[in-house]
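Protein chains: 2
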Amino acid sequence: MAWVVAKRAAAASSSSAMKSVSAAAAIWMRSYAKVALGTDIVSAAPNVSLQKARTWDEGVSSKFSTTPLNHIFKDKKVVIFGLPGAYTGVCSNKHVPGYKENIDKFKAKGIDSVICVAVNDPYTLNAWAEKLQANNAIEFYGDFDGSFHKSLDLVTDLSSALLGTRSKRWSAYVVDGKVKALNVEEAPSDVKVSGADTILGQI
Amino acid sequence: MAWVVAKRAAAASSSSAMKSVSAAAAIWMRSYAKVALGTDIVSAAPNVSLQKARTWDEGVSSKFSTTPLNHIFKDKKVVIFGLPGAYTGVCSNKHVPGYKENIDKFKAKGIDSVICVAVNDPYTLNAWAEKLQANNAIEFYGDFDGSFHKSLDLVTDLSSALLGTRSKRWSAYVVDGKVKALNVEEAPSDVKVSGADTILGQI
Numbered sequence: 001m002a003w004v005v006a007k008r009a010a011a012a013s014s015s016s017a018m019k020s021v022s023a024a025a026a027i028w029m030r031s032y033a034k035v036a037l038g039t040d041i042v043s044a045a046p047n048v049s050l051q052k053a054r055t056w057d058e059g060v061s062s063k064f065s066t067t068p069l070n071h072i073f074k075d076k077k078v079v080i081f082g083l084p085g086a087y088t089g090v091c092s093n094k095h096v097p098g099y100k101e102n103i104d105k106f107k108a109k110g111i112d113s114v115i116c117v118a119v120n121d122p123y124t125l126n127a128w129a130e131k132l133q134a135n136n137a138i139e140f141y142g143d144f145d146g147s148f149h150k151s152l153d154l155v156t157d158l159s160s161a162l163l164g165t166r167s168k169r170w171s172a173y174v175v176d177g178k179v180k181a182l183n184v185e186e187a188p189s190d191v192k193v194s195g196a197d198t199i200l201g202q203i
Numbered sequence: 001m002a003w004v005v006a007k008r009a010a011a012a013s014s015s016s017a018m019k020s021v022s023a024a025a026a027i028w029m030r031s032y033a034k035v036a037l038g039t040d041i042v043s044a045a046p047n048v049s050l051q052k053a054r055t056w057d058e059g060v061s062s063k064f065s066t067t068p069l070n071h072i073f074k075d076k077k078v079v080i081f082g083l084p085g086a087y088t089g090v091c092s093n094k095h096v097p098g099y100k101e102n103i104d105k106f107k108a109k110g111i112d113s114v115i116c117v118a119v120n121d122p123y124t125l126n127a128w129a130e131k132l133q134a135n136n137a138i139e140f141y142g143d144f145d146g147s148f149h150k151s152l153d154l155v156t157d158l159s160s161a162l163l164g165t166r167s168k169r170w171s172a173y174v175v176d177g178k179v180k181a182l183n184v185e186e187a188p189s190d191v192k193v194s195g196a197d198t199i200l201g202q203i
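Protein chains in written order, with UniProt numbering: chain Z, 1 to 203; chain S, 1 to 203.
Take every hint as true, because none was put in to throw you off.
Below 20 Å or equal to it, Euclidean Cα-Cα: the simulated EDC-like pairs (lysine to aspartate or glutamate) are:
no.: 1; chain 1: Z; residue 1: K105; chain 2: Z; residue 2: E139
no.: 2; chain 1: Z; residue 1: K77; chain 2: Z; residue 2: D104
no.: 3; chain 1: S; residue 1: K63; chain 2: Z; residue 2: D190
no.: 4; chain 1: S; residue 1: K94; chain 2: Z; residue 2: E58
no.: 5; chain 1: S; residue 1: K74; chain 2: S; residue 2: D176
no.: 6; chain 1: S; residue 1: K178; chain 2: S; residue 2: D112
no.: 7; chain 1: Z; residue 1: K94; chain 2: S; residue 2: D57
no.: 8; chain 1: S; residue 1: K131; chain 2: Z; residue 2: E58
For the chain S half of the interface with chain Z, some residues (derived, Cβ under 8 Å), not all of them:
no.: 9; residue: G85
no.: 10; residue: G89
no.: 11; residue: S160
no.: 12; residue: A161
no.: 13; residue: L163
No lab work stands behind these hints, which were simulated from the structure alone. The beta-carbon is built from N, C-alpha and C at its ideal position, and this holds for glycine as well.
One chain only, chain Z, in its complex shape (with noise of 0.2 Å):
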């Protein structure tokens, strides 16, 4: 609803993040061969890995270890949606929740893991799945520099929504790696294609 009323307040404004989500939008048409159906994200995102949430005593404990997109994909079936950003409106008010309320129908599905990525660092990440009680339901990974969403040509620049460059709005349903449905958000404020009940569909 909040990104609703975004774009009601972009309407009016010459600077507003949504024309710049369209001008994006329209560059990533241009690009769309990095991901589509059968795409290898292993192959497609080399040597990238992701962060997985968790608190920063945590990250030092670990070391700052970062996960490989390998042992996030093979041999699993994975569904794994991104989102603009951690505590912002549609993300935390629909998309988020869409997926924990049906986390059991995903499972009964045979889904291995339902992950949730953003551009974001992982303690910021950690702390937003904590507050939407999600993060027993929903593994969450930080892409804190946007090489995933990068390598993917995922990225959209959000700056004039105080954001930067961050994640577009998707979903993908991904078996031993090889991308078996995509959906992708024409503007960051819909979940028209990328929402849990969509993909549950497709699997």
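Fit chain S to the supplied structure of chain Z, relying on the hints for placement.
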């Protein structure tokens, strides 16, 4: 304390955060000129704005407004401190609480604003400030793209701690935009010179 642990962990790790910090500190020593005693912060960071910490919905309502430095510093006595990030160790456990607990002493010395700034988006910073119960005493401002800290040569690469480009840990006493006292830690694990006690003695 957690950063002390980080330092120990880093000592045993070839790709440690602390080594990056040391390297960055060395670079900083060579480029000290941008901010020093007497610097006019508003002139040193032209066309730079900060983003008042707020919820996403407040961000939408404000049309994602930003605050020019002139509004923050002009005709005011300001104590400002910067830190590596929301939801990290020393920042949460020591740096912010020190300023919060001494807010009455700052006010008694005629300080108009005590400001915390970090390379975070304003929504994340707001959630963290609320968690620390510090947002009534201290004003929090995000520097989401790091442009404020870059202008003042106060950034450091904390990618090894999974944070990316962030602020050094620092504090300053600023009167009508002019820096009257400046304290920059050599390592972000330290609160040797940038804490509330030190700057209280410099006002």
